[in-house]
Structures are given as C-alpha cells and as structure tokens.
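Chains as they are written, first to last, in our numbering: chain A, 6 to 320; chain B, 6 to 320.
Please keep in mind that the hints were generated in silico from the structure rather than gathered at the bench.
Do not rely on the hints blindly, as some may be mistaken.
Calculated lysine-lysine pairs in the DSSO-like style (CA-CA distance at most 27 Å, straight line) [unchecked claim]:
hint, chain 1, residue 1, chain 2, residue 2
1, A, K294, B, K246
2, A, K77, A, K246
3, B, K246, A, K299
4, A, K294, B, K276
5, A, K160, A, K276
6, A, K160, B, K276
7, A, K160, B, K246
8, A, K299, B, K160
9, A, K78, B, K299
10, A, K264, A, K109
11, B, K291, A, K264
12, A, K276, A, K264
13, A, K77, A, K14
14, B, K299, A, K77
15, B, K34, B, K78
Computed from a predicted model, the values in this text were never measured in an experiment.
There are 2 protein chains.
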Amino acid sequence: MDIVEGLLKGDRRALARAISLVENEDSRKRETLQQIYPHTGNAYIIGFTGSPGSGKSSLVDRIVGIMRGEGKKVGIIAVDPTSPFTGGAILGDRIRMQEHTEDKDVFIRSMGTRGSLGGLSRATRDVVQLMDAFGKDIIIIETVGVGQSEVDIVKNADTTIVVLTPAGGDSVQTIKAGIMEIADIFVINKADLPNADRTRTEVSVMLDLNEKSSWRPPIVQTVTLKNEGTDILWQEVQGHKGYLETEGLLSSLRLARAKRDIEDHIEHLIKSRVWDQVIGTNMFEKAIKQIHNKETDPFSAAQSILERISLDNKD
Amino acid sequence: MDIVEGLLKGDRRALARAISLVENEDSRKRETLQQIYPHTGNAYIIGFTGSPGSGKSSLVDRIVGIMRGEGKKVGIIAVDPTSPFTGGAILGDRIRMQEHTEDKDVFIRSMGTRGSLGGLSRATRDVVQLMDAFGKDIIIIETVGVGQSEVDIVKNADTTIVVLTPAGGDSVQTIKAGIMEIADIFVINKADLPNADRTRTEVSVMLDLNEKSSWRPPIVQTVTLKNEGTDILWQEVQGHKGYLETEGLLSSLRLARAKRDIEDHIEHLIKSRVWDQVIGTNMFEKAIKQIHNKETDPFSAAQSILERISLDNKD
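Just chain A, same shape as in the assembly (with noise of 0.2 Å):
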C-alpha cells in the first residue's frame, strides 16, 4: 500500500494523503492506521489550550522555532472545534504559520468539525499517530477554547499547556474545573499587560487550592511580541516530560490512552452493530411512534429493542 510505504519514509504528501483519508473517514483509514501503528509512540505530544485572543498561535510559533534550531522535526494539529472548516484550509493559520511554512520539517494541519465532537477528538488522536509515524519529534495539538470539547482534545497530549492572558478577570474565570484539572503548565502570555501579576497569584492560589499531585504546574510569564519567556516556557516542557518520565508516568499515560482507544474502538463497533439492525426498521420507527403517543417509555422501549437483536457477531 504506497500512502503507508511512503509515509513511514517521509513523503511529505503519502502523509497529507493519509491524514485526508482518516478526516473523509475512507474506507482505506482503518487499514491505514493499523499498518502504521507499530511505527508510533516516539513522538512527544504538547497540547496548547487557551481563549481565542490569548496569542496562542504566536506562542507556539516562537516555540517551533526553539524546536526547530534544536534539531526537532514537529508537526501541528490546530483544532478548531467550533469551526466547519478543515484541510489546512484556515487563511489565519496559513498566515500566522509564515515563518515555518517554507520549512520541510514542520508540518501544519488544520482540522475543523467533521459530524460529532467524539469522531474530532478521534480524529486528532488518528492523525497524531499518522505524524508520529511519520517520523515528527514533537506534535504540538493546538486547540482554540476552553470547553469541554478541548479538554477531549488534549487528552490526546503528554504534556498540556493552558494559555491565559491578563485581561481583566475573564482569564483566571475560565479555568474552570476541566481545564485545571489538565493543565501542566500555566502560560500568562502578553504578560506586559497590567494585571499579569495578579494573574499569576490567582493561578497559584488556585492551584494551592487543587493540590492533588506530586506536580504542581509551574507558571510561566510570556510575551511572545518580544520573545520574552518562551526559552523558559520550552525549559518547562522538558522539565514536566523528564518528570514523567523518571516517575515511569509517561508510561502509564500511555497505557491509559491505549485502555481509552480500545474502549473508544470496542463502543464504536458496537454501536455500528447496533444501529446496523435497528435504524431504519419497523421495530424502531413504532417504538418512536409508541413512545410519542405515551403508549411506552424511552427506556423500556430500549429495552425491548435490544432483546429483539443480535449484537454477538463471532464469524
């Protein structure tokens, strides 16, 4: 299969080819990712989150650049998860991403929504094993937002940045629950704004608030306009993957993501079992008609269903 052969030798487009297979859900991914699966696991994953408006996209552009002049071949996942648009088709990041566009080692992909906010997360998940194949050091996952939607996202990444800024009070307010909890590094970027301090005691409060591990994520000030602390902030992610690394945690992380992927995998064939037998029929459409008219309830109408089908499939 040559998009497989030519990707594992570092064919720029049998990679974009690939990653195009897995976003149109061809029929060619799943073999795809099967064949290039043993070729995966060396790249670091860093995931950027943050507001739109934060600067992310600047940051980790002058962050690529400190990747690059250390050799590092990286590659870029920016999600939008609320944008319709994808294929690197985004004019801004085509913009923005100037600097590294001319260059061979950075590959840049765009992804916008394609049906439900489960299949991006797979989807961003599928094409960081097509790069890590590939032969990419680093796949940086940049994601715009702060929801729920994002906090999948990046689960994808051994190491999670969370972007603030210093506007007033709306920063510290959108660390809300999921995203303290994934964060493991705060930025505070355009940190020559007024308040960029008092951003940071309000972080470390409430991070003296949420101690729960043995790593407490260090906060780091940028602003990237001057290049002013994005050396520390790549100082850090070394710092937090070492960490993870003498712990033997990147090891269990990614136990942990093979365990999701399977149980990913296992609910999405089942599902497609299911529904194989049941969308469409009689048996459903009167179950909806029955449970309109109140002759049923939604649950025992689930139930009745599931014991008119067969969902063991041992050919």
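Starting from the known structure of chain A, arrange chain B on it as the hints suggest.
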C-alpha cells in the same frame, strides 16, 4: 410509590426528591421516570443560552415575570456544565431569583456537572420530564456558555434563545457553527450599550448567509434593567411556538427527541453490558499491554475482545 404520587399531585417536595433521585443516579430513578412518563408532553420547553455576563439570568427573571402574569406555572433548570456544584446550592442563583423564590408556582433547580457531559444532558432531559409531569406549563433550561455541551443540553428545548451582548466583537464571534444552528431567536441584551445596532446587523448578515429553514430567527433587542424588549421577546417565543405548531414541526421535534432518547438508552444499556464483561478482566489488561508494546493496535484489540464476549442478553 409515594414520590411519584406526590409529584403527580403537585407536591413540591416530591418533585425536589424525584430530581435528587435522578441526579444521584438512585436505584429508584428508572422506575420513577417510567411511571411519570405517560404524564409528560404538556409543557413547552424554552432554552436560554449565552456567554457568562450576557445578563441571561436577569432576562430569564423578567420573562418569568411576564409568564407568571399570564398565570403560567414555570419550572427553571439552571445548568452550568463547568460547575461542580449541584442541587440548587449555587448562591448566585438563589439571590438573583429572589423575585420568584416566594412564588409557589415557580420551581427553580440548579444543576452542575455530575460526571460526564452526556450525563448532564441526560439529567437535564430527565428533570424536564419530572417538571413536565408535575404540571409546569413552561420549563426553562438556562445554560451558561456557548460550547458543545450547551448545545447538547439545549437540544432538549422546543424554542432556543441565544443571548448576545453588543460587547466589542466577541459577541458575534461566539456565534459559531453549532450555536448558529440551534438559535430560534437571537436576543441582543444590554442593547443600550454602544454598538447594539452593529451587533444586530452582524447577526443579520450571518443569518442571510445561513438561510436554510423556513424559520428566520428574529433578533430582539432588550435592556433587562429597564425591562425594555422583554415583552417583545415573549411575543417572539409565542410566535415561534405557533410556527412549530401550525407547520406540524413541534410534533416532528418531539418525535426526533423520542428517537434520540431510545438511541441514548440503547447505547447506555449496551455499554454497561460490555463494560461488565471487559473492565478489569485479564483479557482487557493483556490487550492494553499488547497495544503499549505495539504487538497489536487498538482497533484489532477491540475486535478481538468483542469476539470473546457475549452481548446478547435474552433472559
């Protein structure tokens, strides 16, 4: 069963207890929901969503005042997908709803994250059913934020209102793909602020670009503090309700909801059957390790696990 009996007789304490059963995943939850189901389908369900700070809660307060003036019995479910608090304990809600807390015909319940987001959306649906069977004429689902989780929660509503403010740029940026599609009515609240008209124009342009259905969401400007525009909003809600009814769409909407409910229950039932047989077993632990060691890939592991368990349960 006296909770159900009490609830159907209009006992507020019984309703509160039934909601707690649902929230706590009590063993009596399923039975309760099955018993009240025939008594549902009478309430009209209105969803309010919008960013924090859009003045949504005060707006709901005002609208509830108008509904009460017309003698409608109202239930309010205030959902915060990012808050770990639940059970009506959110102080802010209690304070802001002061106007109606003395009113026996207004029932308010706050709900925060309990486990997964899918769980929260399901719990919202269940609480709607309880309030509906209890005899509420109108049920308001109010949710903070404009992410996917809010979209899922608000899908339980017949009419969905998206609340924006004229605040510089951000307001219209938040009308991302998902939100654009769920809005039946747009409100520009705090319309006495500068740029209210510009925001209106921007929303209008977006609507021009997205025209798909025969319903064009009206845009209502409100100033909650001065109680301006709220009566128009109420008229627009009734206009949308009338539209759904005359076009036969309310019925389709609810049929679609019945369909989603069955699907949801089927998935839930199957998942528990699967996980009962998989989680914690040697087979599963072995598969995780094999994936980790690249001896197999997650998809193949999932397939082989599915071949070894039995999902049919026809006892």
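Hints versus structure:
no., hint, result
1, A:K294 to B:K246, "holds, 22 Å"
2, A:K77 to A:K246, "holds, 15 Å"
3, B:K246 to A:K299, "holds, 22 Å"
4, A:K294 to B:K276, "holds, 25 Å"
5, A:K160 to A:K276, "holds, 23 Å"
6, A:K160 to B:K276, "holds, 22 Å"
7, A:K160 to B:K246, "violated, 41 Å"
8, A:K299 to B:K160, "holds, 20 Å"
9, A:K78 to B:K299, "holds, 22 Å"
10, A:K264 to A:K109, "violated, 34 Å"
11, B:K291 to A:K264, "holds, 10 Å"
12, A:K276 to A:K264, "holds, 18 Å"
13, A:K77 to A:K14, "holds, 17 Å"
14, B:K299 to A:K77, "holds, 24 Å"
15, B:K34 to B:K78, "holds, 24 Å"
Violation of the numbered hints given earlier is confined to hints 7, 10; the remaining hints are satisfied by the structure.
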